[in-house]
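Here's the letter readout for the chains.
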Amino acid sequence: MASPSDELKRARSELISLFSAGEVSESFQENCTEVMDYYFRRSVQESDTGQRLFRDKRPFALVALGGYGRRDLCIHSDIDVLILFDSRVPSSAKKLAEDVFYPLWNLGLDLGHAIRGIKDCLSLAVENLEALTSLMDARFICGDSPLYLALMERLEKKILPKKRLTLGRWLEEQNQIRMDVFGDASCLLEPNLKEGIGGLRDYHHLLWLAKAFFRLRTPKDLEYSGLLSQKEYADLESHLKFIHLVRNHLHRESARKNDRLTFDHQESIAQALAFKDQDSFLAVEQFLGQIHASMAAIKSLRHSFVFTHFPGSRKNGNGTGASESLRAPFHMDQGEIHFPSATAILTDPLLLLDIFLEGVKAGCPLSLESKRLVREFLYLVDETCRTSERAARCFLSILNAPNASDALVQMLETGLLCAFIPEFEPIQDRVQFDHYHLFPVGRHLVQSVRQLKTLPQERDILLADIFLDLLDPEPLFLAALFHDIGKTGKDHAAKGAGLARKILKRFGYDRKKMEDVCFLVHRHLLLAETASRRDLNDEKIVVQCAGTVGTVDRLKMLYLLSWADGKATGPRAWNDWIANLVLELFLKILHILEKGELATPDASKRMKLSIQEVRNRIGDRLSPADQESMFDGMPPNYLIETSPRAIVRHLTLYATLREAWAKGFKNAFCLEAEAAPSSGTYEVTFLAGDRAGLFSHVAGVMALNNINILSARIYTWRDGTAVDILTVTPPLDPLHPEEIWEKIKGDLAGTFEGRLCLTKRLQQKAEPSILSPRKTPIRQTCVNVDNESSDFFTLIEVFADDRIGLLYRITHTLFTLGMNIRVAKIATKADQIADVFYVLDLEGQKVMEQAKTEEIKDVLLRELSKG
Amino acid sequence: MKKVEAIIKPFKLDDVKESLSALGVKGLTVTEVKGFGRQRGHREVYRGAEYQVDFVSKIKIEVVLEDELVSDAVRVIQEKAKTGQIGDGKIFILSVENAIRIRTGEMGKEAI
Chain A
1 MASPSDELKR
11 ARSELISLFS
21 AGEVSESFQE
31 NCTEVMDYYF
41 RRSVQESDTG
51 QRLFRDKRPF
61 ALVALGGYGR
71 RDLCIHSDID
81 VLILFDSRVP
91 SSAKKLAEDV
101 FYPLWNLGLD
111 LGHAIRGIKD
121 CLSLAVENLE
131 ALTSLMDARF
141 ICGDSPLYLA
151 LMERLEKKIL
161 PKKRLTLGRW
171 LEEQNQIRMD
181 VFGDASCLLE
191 PNLKEGIGGL
201 RDYHHLLWLA
211 KAFFRLRTPK
221 DLEYSGLLSQ
231 KEYADLESHL
241 KFIHLVRNHL
251 HRESARKNDR
261 LTFDHQESIA
271 QALAFKDQDS
281 FLAVEQFLGQ
291 IHASMAAIKS
301 LRHSFVFTHF
311 PGSRKNGNGT
321 GASESLRAPF
331 HMDQGEIHFP
341 SATAILTDPL
351 LLLDIFLEGV
361 KAGCPLSLES
371 KRLVREFLYL
381 VDETCRTSER
391 AARCFLSILN
401 APNASDALVQ
411 MLETGLLCAF
421 IPEFEPIQDR
431 VQFDHYHLFP
441 VGRHLVQSVR
451 QLKTLPQERD
461 ILLADIFLDL
471 LDPEPLFLAA
481 LFHDIGKTGK
491 DHAAKGAGLA
501 RKILKRFGYD
511 RKKMEDVCFL
521 VHRHLLLAET
531 ASRRDLNDEK
541 IVVQCAGTVG
551 TVDRLKMLYL
561 LSWADGKATG
571 PRAWNDWIAN
581 LVLELFLKIL
591 HILEKGELAT
601 PDASKRMKLS
611 IQEVRNRIGD
621 RLSPADQESM
631 FDGMPPNYLI
641 ETSPRAIVRH
651 LTLYATLREA
661 WAKGFKNAFC
671 LEAEAAPSSG
681 TYEVTFLAGD
691 RAGLFSHVAG
701 VMALNNINIL
711 SARIYTWRDG
721 TAVDILTVTP
731 PLDPLHPEEI
741 WEKIKGDLAG
751 TFEGRLCLTK
761 RLQQKAEPSI
771 LSPRKTPIRQ
781 TCVNVDNESS
791 DFFTLIEVFA
801 DDRIGLLYRI
811 THTLFTLGMN
821 IRVAKIATKA
831 DQIADVFYVL
841 DLEGQKVMEQ
851 AKTEEIKDVL
861 LRELSKG
Chain B
1 MKKVEAIIKP
11 FKLDDVKESL
21 SALGVKGLTV
31 TEVKGFGRQR
41 GHREVYRGAE
51 YQVDFVSKIK
61 IEVVLEDELV
71 SDAVRVIQEK
81 AKTGQIGDGK
91 IFILSVENAI
101 RIRTGEMGKE
111 AI
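Protein sequence lines, in the order shown, are assigned to chains A and B. Under our numbering, read the first sequence as residues 1 to 867, first letter to last. Under our numbering, read the second sequence as residues 1 to 112, first letter to last.
A portion of the hints provided could be inaccurate.
Under the rule of at most 27 Å between Cα atoms (straight-line distance), these lysine-lysine pairs were calculated in the DSSO-like manner [unchecked claim]:
{"#": "1", "chain 1": "B", "residue 1": "K80", "chain 2": "A", "residue 2": "K846"}
{"#": "2", "chain 1": "A", "residue 1": "K846", "chain 2": "B", "residue 2": "K82"}
{"#": "3", "chain 1": "A", "residue 1": "K846", "chain 2": "B", "residue 2": "K34"}
Honestly, the hints are just simulated from the structure, not real lab data.
Next comes chain B alone, as it looks inside the complex:
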C-alpha cells in the first residue's frame, strides 16, 4: 500500500480528480496549501510600492492506493497536472503500514 501525495496548481484539480476516478481510485483528500519551491515567493508592485508575496497557493491531493495502481496514478497525475511551466508541482510516494476503516473495522486493502 502506498500513499501518493501531489502538490499541483489549483486549476488542475478537476482534471486530476476526474482521471484518478477513471482509474478506479475510490477516494482522495484535497487540501488548500501554501508554500514555495523553486518558484519562491514573488514581489508585486502596485503604484511603485512593493508588496512581498511569500507563499504560492497550491492544492495538495492525498490518496492511498494498492501498489498495482500506484504507477498509473502517478502517470495520470503527471499528465494532467502538467502545464510545462515552473510551479507545476511535485509528486511524493510514501509507504503505508496499514489502513483501517473506522466504521467497520476492515483493515488493509479492503479499507481503502
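Here chain A stands alone, though its shape is the one from the complex:
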C-alpha cells in the first residue's frame, strides 16, 4: 500500500486535474479538506511515536485551524494544524511532528503547525487576537476528542466572554486596515478575493462575531439561529461558492497562493467559467460584473449584520432625536429606519420608495430588516408604481437631497433602483475590461451623483461657483445618474439619451428640463474628447462646440457633468492634466456663448446651409477631399458673413492664384471690382497670399487713387490666403472705371515688388494745397484695446473722423507695431469711421502685456492726430 504522503500526493493531483477539467468545481474545498483529513488520520495511525504516546497515556489530538478548520481549502491555501496535548508537551512529540509534518513539506504544501498544551493555546489566544480567531475555527481531525472538546469549552466559557468586545473592536480596526491596504474589492479592477473589502475575510469576520457573541458553531447556524434569513443565507452561500471557485482557478493559474485577481488572469478565468461574449458585452466583463456583485453582496451583508447586532460599533449617532421628525408610518430605532409592518407595504407598495426618502431626510440608513422587506416585496413594484406621479415626485426628492447618494447606494443594493427604473438592470453590474473604469456602471453612476453633491464644499472654488450659479441643478443630477445607462452597446451616449427620454416621460417630467437631461446624456463626452483631441486655439472648433451646446446654462451643467463623470471613473480618467484642458475649453465656449454671435443655433445652421450650397454649385470642379480641407480652413465669421455665390467666386479665383503661386509668382494676386448700381458704390474682391502689412498696402493704393474704403471685411484662410471684400466709393472718373482699376492693380503689383513707396507717395499727395479743404475734427480720435471679447484675438477698435488715407495710416501703424490683422470690420458712417481689427502678434498670440497694449494705443493716437 502506498505511504500516506504518496497517497495524498496522488489524491491531490487527481483532484486538481478533475478541477481543471471542470468536473469538481463547487465541492473542491470540501474534497480537498477530506483528502487532507485522511492523510492526517493515516499518518498518525502509522506513526510509531504516535501509537506509543497513546500507549503511554499521553493522549493528543490533531486539530485543524483557520481555513482548514472551516473546510475552506483552496488549491494553494495554507494548511494550519495543531497537535494538542493536555498540558505539558512530551519530548517525543518532536518525533511525532516529524512523522506527520515532514512529508507535507516535501510535497511543497504551505503548512502552519504548532504543538501545544491546552493552557498554552488559551493564553496565546488571550494575547493574540489573530490566534484567537484561528482557534475559533478549530475542528477535530483525529486522536483524542475529549482533549479537543475541553479546549473548545474553555475557549467558549473562559476566553470569549472576556475577549469578545476587544475582538469586535479589533475586527473593525482590521477592516479599516484592509480598506487602506486592499481597497473595496467590490469595485476594484483587480480585486483581492480574500482580503479586499467584500472578500472572503468579510464572511470570516461575520462568522467570528457570530461565534463570539451568539455561540454559533457552524456557518449553517447563522440561518438556524435566525441571524440571517433563509434567503440571505442562501445568497451568502452562493456568493461564497462563486468566489471560492474563482479563487481556485486563480490559484491553479498562478500556481501559487495568489488572491489578487489581476488583469492577466481575468480573461482566461472567465473562459474557464464558461462565460461567453454576447454582442459587445465581453465574457470577461460579465465575469467581473458577477464577481463585483458577489463581493458587494457580501460586503453589504457584513455591514448590515454588524450594524444590526452591534449597535455599539456605530461611529456616529447620526439619527438620534430625529425620530420625532420622521414622517408616519415609519419609525426609528437605534438610528435606523423601520417599516411599520409587512402588511403596510402590501397595502401601499410605494412605501418601498418612501422609506428611502425618509432615510435621506433623517440621515439614517434602513435597518437590516427593512432592507430584507424591500428585497422580499420588490415584485410589488409594477408599471402602475413606476408611472405614478407620487413615485416620481418621491424619487426626485431623493435625488435632490444633499446625501442622495447614500439612498441611491442602498436602492442599488436592495434592487429597488432596478425595479423602479428597469433600464438599470442590464448595466448595473456591467464592468468594462480596461484600465480606465474603476467601478461597474451602476456604481459609477451613483458615484457621479455623489461627486456632484460634494460641489458646494469643493476646494476648487471655480467649480463650486459654477455649481452655485445653476438655476436648477436637477437636470444635472438626473443626467449624472443616467449618463451611462446606454452602456449596453455601441454609441452609448446617444442610446442613453433615448433611454433617459423614455424614463423621464414615464415620470411625467417637465418637457424643457427633459431636453436638458437628454442633451447632457447625449453629449457627456463632448468636452473631454474635444479638449484632449482637438486644437483649442482653433476658433472654429470652439465655435462648433458652442453651437452644439447652445446655452450657457447647459454648458455649465455639461462641464460639471464631465468633471463628476471623470472623477467617478478613476484617476486615469480625470487628473489635473485633463482638467486643465477641459477648463480651457469650457471658458472659451463660455465666452463665445456670452459674447459672440457666432454660436447661436441660427449661425451654425447658416454655416452648414451655406457650405451645402457652395458644394452644390461647385459640383465636381473640386475633389471632395479638397473641398473638405478648404471649408475646414475657412474662419467661421467668413462662412457666416459671405454669400455662397461669393464663396464660389473666391474659390474660383483661388484656383487660378494657386496655379500662379505654383509657378513661382509669389506676388500674384486677384482683384475684381463690381459696380453696385443701387448704392452707387463698388464692391472689390481681393485675394492674395497673406503677408505682413498686406491690408495696409491695399488701403494705401486705394487712397492713392482717390478711392475711399467705406467698409471692409478681411479674412485669412488657414492656408494663408487673404480674402478682402471692400465696399468703396466709385472712381472719380465714372466714364472709364476700368482704367482706374487697371491702374490700381499696377500700383499694387508695384508695391508688392517694392517699386513703389506708398508712404512717400501718400505724403506728397496729402501736402496742403489750396484745393483740398481742411476739415477741423469734430470728434476726438479714440482707440480701445480689448482682450476680453475674444479668446483668440486681441481687438483694436478705432473711432475717428474719416479722411483719405486714414485706413492706410491705421493699418500701416499696426503693421509697424508687429500686429498681424486677421479680421477687420471697417465701417463708415457719414464722415466718421468705426473700425475693429482682430489682431495677433507675430507669434500668433494675443497681445496680453499691458505695456504693449498701452504702446499700441499711444502710437495709434499719435499717428492719427498728425494732420
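Knowing the structure of chain A, use the given hints to seat chain B on it.
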C-alpha cells in the same frame, strides 16, 4: 544611439505617432505632462473672479533611436507638431549609452 524627447500639444499626438511609425520607429513612450515655457501659465476670469492656471497640459514623447534615424524623426516631429503658434513645444536630443531588452538580455541596437 540617441534619445529624442519631444514636448508637444496633446491633439498632435496621433499625427506624430503615425508619422514616426511610418518611419519605422518601433516603440515610444508617451506621458501626460504639465509645465510652462514662454507661454507661461495663464489667468482665467469667470464672472469677474480670477483663477490662476500655472501649468499648461502637454504630451511628452520619448523615443530611443539609432543615430541614422534621428534626423528624420526630428524632422517629422517638427512637421507634424507644428501649428505655427506659441506653445507648439520643443524637441530634445540626448545621447544614450546603451539599451538592454529585459526579456532577452539583448543589448544595443537589437534592444531598441
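Here is what the structure says about each hint:
1. For the suggested pair K80/B and K846/A, the alpha carbons sit about 23 Å apart, so the restraint of at most 27 Å is met.
2. A hinted pair counts as satisfied when its Cα atoms are at most 27 Å apart, and K846/A with K82/B qualifies at roughly 18 Å.
3. With a C-alpha separation of about 22 Å, the suggested pairing of K846/A with K34/B holds against the 27 Å cut-off.
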